[in-house]
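What follows is the residue order along each chain.
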Amino acid sequence: MIYIYDGTWDCFLTAVHHYYYDKQDVSNIESSLCYIPNLIDEYRFITSDIIKAKSVEEAILHKISAESLENLQKCFFSEIEGREMWILKYIRLGFKIGSRIDSMLGDKTVLDVLIPARKVGMECHRMLGLLRFELLDGGIYYAKIQPDHNIISFISPHFKNRFADQNWIIHDTTRKIASLYNTKKMLLSYMDLSNIPELHADELRFQALWKNYYKHIAIKNRINPKLQKNFMPKRYWKNLTEKKSD
Amino acid sequence: MDLNEKLGILADAAKYDVSCSSSGGTRKNKNGVGDSHACGICHTWADDGRCVSLLKILLSNECIYDCVYCINRSSNDVPRASFTAEEVIELTMNFYRRNYIEGLFLSSAVLKNPSHTMELMLEIVKKLRNEHGFFGYIHIKAIPGADERLINEAGMYVDRMSVNIELPSDKGLEVLAPQKPKRALLKPMHQISNKIIENKENKRLFKKGDSFVPAGQSTQLIVGATPDKDLSILKLSEALYGNFNLKRVYYSAFVPTVTDPRLPALIKPPLLREHRLYQADWLLRFYGFEADELLSKSNPNFNPELDPKADWAMRNLHMFPIEVNSAEYELLLRVPGIGVKSAQRIITARRVGRLTFDNLKKIGVVLKRAGHFLTCQGKTYDSYSSNEAIVKESLISANLQPKSKKSVLGQMSLFSLVNDSGTDENISEFLLTDSPSNNRQWLSYYNQPQDGRLLLSDIHL
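Chains as they are written, first to last, in full-length UniProt numbering: chain A, 1 to 246; chain B, 1 to 461.
Everything labelled a hint here was simulated from the structure, so no lab data went into it.
Since the model is a prediction, treat every value here as computed from it, not as a measurement.
Be a bit skeptical, because a hint or two may be false.
[To be verified] Per the computed footprint, the stretches of chain A lying under chain B, defined by three or more beta-carbons under 8 Å from a beta-carbon of chain B, are:
no., stretch
1, 119–132
2, 228–239
[As the list claims (entries may be wrong)] Each computed DSSO-like pair below joins lysine-lysine, with the alpha-carbon atoms no more than 27 Å apart:
no., chain 1, residue 1, chain 2, residue 2
3, A, Lys234, A, Lys176
4, B, Lys379, A, Lys108
5, B, Lys28, A, Lys185
6, A, Lys160, A, Lys243
7, A, Lys215, A, Lys226
8, B, Lys6, A, Lys243
9, B, Lys362, A, Lys96
10, A, Lys89, B, Lys362
11, B, Lys362, A, Lys119
12, B, Lys30, A, Lys160
13, B, Lys341, A, Lys229
14, B, Lys368, A, Lys226
15, A, Lys160, B, Lys28
16, B, Lys362, A, Lys229
17, A, Lys119, B, Lys341
18, A, Lys96, B, Lys361
19, A, Lys108, B, Lys368
20, A, Lys89, A, Lys63
21, A, Lys244, B, Lys6
22, A, Lys108, B, Lys361
23, A, Lys215, B, Lys6
24, B, Lys341, A, Lys226
25, B, Lys126, B, Lys203
26, A, Lys211, B, Lys127
27, B, Lys362, A, Lys63
28, B, Lys126, A, Lys160
29, A, Lys226, B, Lys268
30, B, Lys6, A, Lys211
Where is the CB? At the ideal position from N, CA and C, for every residue including glycine.
Put together the whole structure using the sequences plus the hints.
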């Protein structure tokens, strides 16, 4: 039996709930966004059930640990193929042995979840620095990101805290989702690319100042592009003011 | 002169200052802009591979001093400029709001006299905090010779203050910076250190008041401009950490920016030497080593072939191999190929079961290096050898892996340092303990139906 869920965390947890209570033999859990049906396998479509989802979340929190729950969430939002079954296996083991699982750093089942979770953690940390706002007409600071993993929900609270007196939007243009903040409330939603306002009249001036600064701080005797790319992979450059080609 | 041109000149003049850290800040946003992140954030990496977290500029490069090694020396023919307070503030606020930077690093040449310069810097940090509601990170240079009261007042507004010790010995200073005797440099350091302790004590007793230099003080010295040995540099650092409670000592390979018969004729900056000092400095601060264990009078300079930890292990082969499943944490830390994170992971994983070499690999131990120093449940690793020459050969070749990130030299950022100390771990991961904690509630937003797309025009900001 293959479970098909709608790609959301809650629906995934609903599938986990079904797995436990329906006692079916599940060979895979796949997102409806990427599954390709075949004639042989049996499918079951899972509809999101918030109560079931929350009960699984509570169970992870209490029977395993908060640390595990965080790692499982990070792993889920890594969007790495195959993560659903890794998470299910982890939960199964976790329910058996409890919070001891957080110490089993050499175990394959644990590492299958931990390694993607660490990748997400790493990218989150990087993106806190590598995200660039542009001032738009109407006083909105707008940032475009295209991260490898689906990290917007993890990074947005940081910016809410930091830029509390600004209107801002962080827009993941790959996944077409955005977090928006209006100095009072923040929300996360799907967002289209169209009708984004023009740049504010001042914006290009500060971009030019920043590019000029960036150019000047490098010490010519020590130029080291390889080292630079190690820390700041090229795939991020297209949204970096100082690296963007105009 | 327009702002862009000034920025170019004063960024150029500041770039030889190594410090880039924005960690250790505890300042929280109170209805303004900005916040400190406990572990610091790098915002970009320059073409030389150094990370940029702060807007690092000089207030002015019009210096009255004529220190031989310095690009801003009064007798050097370079374009000169000074910012106004408003210009520094405009740049800081606008760069910060766009998330280009984590804060401001403001240094200055000595304009007119030390107190005058300090006063100008104080004015800027005061305005940033009081008038612009700026809570981001600020690091300023204390100008040696400035009025004590000015330095004390500035300390109430900034996160970190530093005084550059410039050169590792009095003799070097005498020749290359005759206007800056070591005493004059140590005096403000001492003052800042005392004030930090006093402030902490007051806060403990009265539980209120502003923090004085909450992220601590740091210093920097130039390597390779004088004949000082690595041993004396490392002993100096050890003393600075011990006596002045310094947070960091930065080392900067001498880059010849001016020619002078009193300076060595260097063709290339001694980057490998700088690198070894960083590795050793890391060992002092996080691995429980002492300077005298790493170097001695008969062996006063670092081995160019081996990193300081591997070099130490080679001289102490009689202590190894140690048993991973029982060795103490402090001893695990001394094994080449095991860093702070992997040592901690070993301790954690040991609680639930005995470890094998396969487990160690998954934990992040570099067995290519560590394999010579460990046993797992009494067994040695495949490539284990007790032959000194073979071990050395293998450690050197493990260091020269072309694909390895750690073999890239010349980085001065915080992020590379753990890597560089001969371990396999990544400091970012190590620091990532405080990721946003309240994200759980956000996850439910993903359950909005896909067709409920929001358009910008629907949002009333």
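* Hint by hint, work out which the structure violates, then give me just those numbers in ascending order. => The structure breaks none of the hints.
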